[in-house]
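The sequence shown runs 21 to 277 under my numbering.
Calculated from the structure, these hints are not laboratory results.
All values reported here derive from a predicted model rather than from experimental measurement.
A portion of the hints provided could be inaccurate.
Said to hold, decoys possible - Below, a list of computed lysine to aspartate or glutamate pairs in the EDC-like style, where the Cα atoms sit at most 16 Å apart:
1) Lys-72 / Asp-153
2) Lys-178 / Glu-141
3) Lys-178 / Asp-147
4) Lys-178 / Asp-103
5) Lys-72 / Asp-103
6) Lys-210 / Asp-153
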Amino acid sequence: MSVMTGRVPRAFLLPVVLGLGALSLASASAEPVRIQQAEPEKPPAAAQAGLKFGFYVGDDKQPTTSRVAKLGSDITFPQGRFDGSILGFSDTSPITGKLAIPSTSSYFISFRFMPATGTVELIPDGDATGVVDVDTGATGDCKEVGTNICAHTDVTNKVFIKLSNVKVDGKALDVGPNCRTAQSVSVNIKALVPLAFPASPAKVTSTFTTPGFSGCGVREDLSPLLTGLVSGPGNTLVTNLVLRCVGSGPPPNGCGA
C-alpha cells in the first residue's frame with residue numbers, strides 16, 4: 021500500500037465536488053431563502069389608545085336643561101356623564117365618546133291649558149364624534165378656564181328622544197313601549213373645556229331640532245299628536261361640563277386603564 025502525500029488524485033476529487041454540489045442544490049430546493057420583511061413601525065401606545073377624559077354633565081349650578089320651544093317648557097335631567105378619548109396629538113384631532121344621561125320625569129302644559137306629564141329618555145344613536153384642538157400654557161385660551169391644558173371641542177351627540185308613562189290631565193295616554201323620534205336628534209356642542217385640575221365648570225349651550233315621532237300608541241296612532249305638540253326647531257340644551265378625570269391613571273383624577 022502506497023501513501024499519498026501533497027496531492028489529491030483528480031479521480032477522487034471530482035466525485036466529492038459533484039456530491040457536495042448536489043447536496044447544496046437539494047438543500048436550496050428544500051429550504052428556500054426567506055427574506056424577512058420589516059414590520060411597519062407602530063405608533064406609540066398613547067397615540068393608539070388616545071387620551072382618556074371624562075366629564076360630569078350637569079351640576080347643581082347648571083343642571084342639564086332642555087327647553088321645548090313649542091311648549092315653552094323646560095325639561096331638567098339628572099346628572100349624567102360623558103366619557104371619551106382624544107385620538108392623536110395634532111392641532112385638529114378626532115374625538116370619540118359616549119354620553120349617558122338618566123331619564124327624567126317632565127311636566128308641561130299642552131294646548132295652553134291641559135297639564136301633561138311623562139318620562140323622557142335620551143337614547144344614544146352610536147358614539148359621539150367630532151374634533152378637538154388641544155392648547156397648553158397658562159396664558160391665552162386656557163386662561164379662560166384657569167388650567168394649563170384646555171381644548172376647543174366640536175362634538176356631535178346623536179340621541180333618540182323616547183317618551184313613556186304619558187298622562188294628559190291626569191289620564192294615562194297609552195303611547196306604548198316604542199314611542200320615540202323617528203330619527204335621532206343631533207346635538208352639537210362647541211365649548212372650551214379644561215383638561216387639567218383644578219378645573220371650573222364649562223357652561224355649554226346647543227340649539228337643535230326635534231324630529232317627528234313614530235311608534236306611539238297601542239290602540240290608535242298617537243305619533244301625529246306628539247309630533248304636533250313637541251317636534252320642531254329652536255329647542256335648546258344648556259348644561260355645565262365638570263371635569264371628572266384625565267388620563268389612564270387611577271381614580272379619582274385618572275380615568276383608569
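Hint by hint, where does the structure go against what was stated? Just the numbers, ascending.
Structure breaks no hint.
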